[in-house]
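Q: Residue strings, one per chain:
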Amino acid sequence: MNSALRAILVFLLNKRYIGGKHFPEKKLIVSRTKYLEAKERKDFEKEYKQFINERFILRSKKRTGKGSDWHISLNPRKLKDLYELLF
Amino acid sequence: MKKKIEYGAFCELYGKTIRNRVLEYLLEMGSLDFAIGDMAEEIGISRPKAYQVIKELEKEGYAIKTRIIAGTQLYTLNQKKKEVKLLLKNFKECLKIIVEEHEEKPFVSVSSGIGVAATRHL
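Chains as they are written, first to last, in the working numbering: chain X, 10 to 96; chain L, 29 to 150.
Among the hints, a few may not be true.
[Claimed, not checked] Quick list of the computed label-pair ranges, beta carbon to beta carbon:
1) L:89 to X:68: 34 to 42 Å
2) L:86 to X:86: 34 to 42 Å
3) L:93 to X:50: 41 to 49 Å
4) L:34 to X:47: 16 to 24 Å
5) L:109 to X:68: 18 to 26 Å
6) X:32 to L:97: 37 to 45 Å
7) L:96 to X:50: 14 to 22 Å
8) X:75 to L:33: 17 to 25 Å
9) L:65 to X:76: 42 to 50 Å
10) X:77 to L:89: 41 to 49 Å
11) L:129 to X:61: 38 to 46 Å
12) X:75 to L:116: 31 to 39 Å
13) X:32 to L:74: 33 to 41 Å
14) X:89 to L:75: 35 to 43 Å
No wet-lab data here; the hints were simulated from the structure.
Cβ atoms here follow ideal geometry from the backbone N, Cα and C, with glycine treated the same way.
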């Protein structure tokens, strides 16, 4: 698993961003991919999209002060599978 | 307006000190490297304090320098140290507790003789 994606998933799990509790997507991705090389970033984007398609990560648009932003959280039904993937 | 501090399972178990918050950040990042300024902003501590704590952790062998990008020194967790391996093990167990908290309770149908209201308490 890509190290940046792993860091994102562990952050969401540790801080309990599961189900209805969500975190801004752009803020998290930028913070974790800031120092990645171009190839690593491409691999990250590919894997990240895969995790969203497989519904490990829930992505929804939330209304914020600036209009609306995409927010992400973990799928509570897939937590066990996610834990086995991470460790 | 003060930023709300979010504590993870590690800090809830071992104490909400600044050193533990930094350690928790290091454990979350794993093999990914980071800049001290970014870390300070994310976990809600001042930059001088962040530098002080990282210097201490580097002296103790928990954190190591990795590379320099655009004049910024990056650090990461020293996964070769015995104590860090122990910490990672404990962190893994803390995350397991969170997964178990959210485990779905078994659904018992009404036809089996147990009412819907009773199933909520299982």
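Q: List, from low to high, the hint numbers that the structure doesn't satisfy.
A: 3, 4, 5, 6, 9, 11, 13
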